[in-house]
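Fit chain B to the known structure of chain A by using the hints.
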Amino acid sequence: MRTWGPLKWKILVKSKDGDFMDKERSPSQSPRSSAAAVAGGAPFLSISVTDPVKMGTGVQAYISYRVITKTNLPEFEGPEKIVIRRYSDFEWLHARLAEKYKGIFIPPLPEKNAVEKFRFSKEFIELRRQALDLFINRIASHPELKQSEDLRTFLQADEEQRMDRARSYETGIFKKPSDFLQMFKDVQSKVSDVVLGKEKPVEESTPEYEKLKNYIFELENHLAEAQKQAFRLVKRHRELGQSLADFGKAIKLLGACEGDLMEKVFSEVGSKSEMLSIKLQREADNLLFNFEEPLKDYVRAVQSIKLKVGSEEATKRFEHIVRLMNEELARFQEQKTADIGLAFHEFAKGQAKLAKDIADAWRSILPKLEACSTS
Amino acid sequence: MSSTAGRRRRRPSMATWRASSPSPPSTPPSPPPSTRSSPPPLPPPRRLALLSSRSSPPAPCPPPPSSIRPPTLTSPAPAPTPSPRAPPPSPHSSFASLKRSARAASSEYEHITVSDPETEAESAATSLVPGSALLHPTSLRRGDGQPTQVRRRFRDFVTLADRLAEAFRGHFVPPRPDKNTVESQVMQRDEFVAQRRAALQRYLWRLAEHPSIGPSDELRVFLQAEGKMPLPGSTDVASRMLDGAARLPRQLLGEETVAAPQDVVQPAKGGRDLLRLFKELKQSMVTDWAGVKPPLVEEDREFLEKKQKLQEWEQQLTSASQQAEALVKAQQDMGDTMGALGLAFIKLTKFETEEAMYDSQRIRAADSKCIATAAVKASRACRDLNAQTVNYLDTLHDHLSIMLSVHTAFADRASALLTVQTLMSDLASLQSRIEKLEAAASKIFGGDRARLRKVEELKETIRATEDAKFCALREYERIKENNRSELHRLDRERKEDFLEMLKGFVTSQVLASTLHCSIAFSGMVLEISVAINLASTAAVVLCTCYARLY
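If you read the sequences in order, they're chains A and B.
218 is the number that UniProt numbering gives to position 218 of the first sequence; each next residue is one higher, with no gaps.
162 is the number that UniProt numbering gives to position 162 of the second sequence; each next residue is one higher, with no gaps.
Pulled out of the complex, with its shape left as it was, chain A reads as follows:
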């Protein structure tokens, strides 16, 4: 039974001290699945990635997340389990799944590296947390991936396995030396291939496969452009907000020079400007989380697919792959349509609300301005 549904992004609310609070529960809780759970007996697996905490100091500092699993599936140890994980643990899971389930599109991870000073900003941490939450839930919703043993390990492995962590030089609980060896081997073979001129000929694939490849490659370009503009739009909102605030302040000061009636009028306009500046900043946040990030997520997904279809192995095993990929693709497209549809909706809604607020605010002081000119 296919149980995937639109994984919705939540509206984030920035509290006064700048922390992000979820207005709703985690995105994995699509109403359908929680309704099903309430109905009793139906199998469910719900995971949330929460509570980012900065650990360690200096160069070694990292963020740890609390991963809470709630399930009634028999394969799991119990109805609820909480573990602590960090980004590199998620990476491990991604790598294992990619190895084991070659035909399947593994949900993408958020970017690994970030500019140093940005790495611990509230926004970045929250974006990453959301993306990881989405990642793990997509895996949990995928008919095949959810059965993976590695997933269970990830969700349940305890502190006893800290031995491994110590052994793997603080780079994540699951990295074993053998993994590193494997990585070197891969690199070695790739290098030797290139050096010995064993670049794979591509004529083996079918036109259908080529068409797929072209589609993916071009799609990435278009999406990346859209995402870039979306990111710029966020910035523009912030800039407009800032300039409105400055303008408001200057207008108020100007009014102070005039005195009496004019001063009041100037001060009203200035205050409204400053108030709207705050609304613009909020909308910028909204755009970032609910419009730009979904687009970015889409780009990541397409990029990971691109790697898959572009790789030598895939081209060699195309026949087998293509059948699987078509199923996967159909699923992927549907999911993406829902996700992006929602993102568009959020965008339109955000803009409509912002515009309405602006119109209302300015309209409210028009009568005062009118009164002034007639006096």
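Possibly wrong hints are sitting among the right ones.
[Said to hold, decoys possible] Computed list of lysine-lysine pairs in BS3-like fashion (alpha-carbon distance at most 25 Å, straight line):
| # | chain 1 | residue 1 | chain 2 | residue 2 |
| --- | --- | --- | --- | --- |
| 1 | B | 307 | A | 264 |
| 2 | A | 249 | B | 307 |
| 3 | B | 309 | A | 252 |
| 4 | A | 122 | A | 112 |
| 5 | A | 235 | B | 495 |
| 6 | B | 369 | A | 356 |
| 7 | B | 350 | A | 211 |
| 8 | A | 249 | B | 329 |
| 9 | A | 235 | B | 329 |
| 10 | A | 356 | A | 272 |
| 11 | B | 454 | A | 356 |
| 12 | A | 356 | A | 368 |
| 13 | A | 228 | B | 329 |
| 14 | A | 264 | B | 495 |
| 15 | B | 377 | A | 235 |
| 16 | A | 213 | B | 350 |
| 17 | B | 347 | A | 306 |
| 18 | B | 369 | A | 336 |
| 19 | B | 347 | A | 213 |
| 20 | A | 102 | A | 112 |
| 21 | B | 436 | B | 454 |
| 22 | A | 228 | B | 377 |
| 23 | A | 211 | B | 369 |
| 24 | B | 377 | A | 356 |
| 25 | A | 228 | B | 347 |
| 26 | B | 350 | A | 306 |
| 27 | B | 306 | A | 252 |
FYI, nobody ran anything at the bench for these hints, they're computed from the structure.
Small disclaimer: the values here were computed from a predicted structure and weren't measured.
Only chain B this time, still in chain A's reference frame:
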């Protein structure tokens, strides 16, 4: 007190603002077209940076110098960036005519346009702008039947400005556009010409609106006398100095000791009387540096308070105009990025529609088309808003340039005062010389003919100086009175202008945001109906959508 405040303070960067004013919105203005005709079109919108030759337009075609035309407005439809825009020649925002329409209605001239720059071949030696353009101010005086057109060069405008400065000391004479020789080389020629033409037109408008200058002979002659420029030209500094140097020896020898009364009503600076210049400089030093209290001081406390307040005002005005420029830029960027976003989604839509293999792709393509259309519409609305914002916030710049004229007027007052002070201390020193001579002469038996003759000469000089002082004092009082009435006028006009600015700014924001809201809502409604088509997730999506719509 010192008259060293130059005639020209640091000029606000109006040049950049002017050049960037975007095309006006498509809503026509409400006042009857007969009060103003449309001035020649401005170059189409571009970023506030002076460079960016990519979007530099050809010189817009000016309207024919005919009688009054109603303002024509073409609705500007610039494509979203990055495609370069073919500039639709849209007229300079006729919102300029909305402003101060009451003042315009009472102006001496019904309309003035500056158009048709044509290049006259000329040797580079005589002008810094090679082959400088000949401008054609056209004007229609109230009550006249036909408009008059004359040909004037830029330096004729300079002459006009100089003559007005002399004739209207103490008044707030609108400053003329800069010579701008450096800028003229940095900018593209066409842009520069267009910018200069627009600036000159505004300048003439302002002159016409001024209650004293509008009806003046100088302006009338400038605008209506055919043929070559009838006002006497200003001579350059060098020849003035030469003339002055020629007179100096005679002055020092005591042959021409007193400035003629008619001369004292002009400031010493810029004249030929070097000796007077020197004396006044000395006087100002004595006052400022030595702290000696001069015989006459600026006593008008009201004036001094006013001056102080105006200084604060100017400071805040400068900062406000800077913030206004930043705001305009931010709005422009927003519009541009929104347009780019729309474009990106259009491309995506096209791509997905062509390559669609699944139904879900088609749905997604429809969604993104929705968003694309909304974004492009929003981008246009943003540009329109910005055009209006620029127009209304222009008041800030206008008033900055008014402050320049205020400084000049105050400088006129200070220099007139200095002249009086100098003459008064001249009188004092002459008097004491006479006393000394008389004292010395009386000691000699039978009188001292030489000394007595000298005393007579000095008495003669005193009489002449008294006359001069009388004239100078009268001039000073006259300038003071001009200052006072102008300040009064400025107070009134400032209130009117700024109220109008705020009203216009706020109204345009209301209209634009209301429009933006409806654009966004229409996009949203479409998506809901599209989402309903998603069979497997219909109920879910619908629920969430409704929940969100509160």
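> Does the alpha-carbon distance linking residue 347 (chain B) and residue 213 (chain A) stay inside the 25 Å limit?
Replying inline: Holds. Residue 347 (chain B) to residue 213 (chain A) sits at ~19 Å (cutoff 25 Å).
>> Check whether the Cα positions of residue 350 (chain B) and residue 211 (chain A) lie no farther apart than 25 Å.
In response: 17 Å, holds
> When you check the alpha-carbon spacing of residue 235 (chain A) and residue 495 (chain B), does it fall within 25 Å?
Replying inline: Outside the cut-off at roughly 36 Å; violated.
>> Would the hint linking residue 356 (chain A) and residue 272 (chain A) be met if the CA-CA limit is 25 Å?
In response: At roughly 14 Å apart (the allowed maximum being 25 Å), residue 272 (chain A) and residue 356 (chain A) satisfy the hint.
> Straight-line Cα separation of residue 264 (chain A) and residue 495 (chain B) no greater than 25 Å?
Replying inline: 13 Å, holds
>> Checking one constraint from the list: CA of residue 122 (chain A) to CA of residue 112 (chain A), max 25 Å. Satisfied?
In response: Status holds; Cα separation ~17 Å.
> Is residue 356 (chain A) close enough to residue 368 (chain A), meaning Cα to Cα at most 25 Å?
Replying inline: 20 Å, holds
> Hey, residue 347 (chain B) versus residue 306 (chain A), does the alpha-carbon distance stay inside 25 Å?
Replying inline: Distance of about 20 Å is within 25 Å: holds.
> Given the proposed pairing of residue 228 (chain A) with residue 329 (chain B), does the C-alpha separation stay at or below 25 Å?
Replying inline: The hint holds at about 20 Å.
> Regarding the pair residue 350 (chain B) and residue 306 (chain A), is the alpha-carbon distance no greater than 25 Å?
Replying inline: Given pair residue 350 (chain B), residue 306 (chain A) holds - Cα atoms ~21 Å apart, limit 25 Å.
> Keeping to a limit of 25 Å between CA atoms, is the pair of residue 309 (chain B) and residue 252 (chain A) held or broken?
Replying inline: 16 Å, holds
> Has the given pair, residue 211 (chain A) with residue 369 (chain B), been kept, meaning a C-alpha gap of at most 25 Å?
Replying inline: Given pair residue 211 (chain A), residue 369 (chain B) holds - Cα atoms ~24 Å apart, limit 25 Å.
Checked against the numbered hints listed earlier, the structure breaks hints 5 and 11; every other hint is satisfied.
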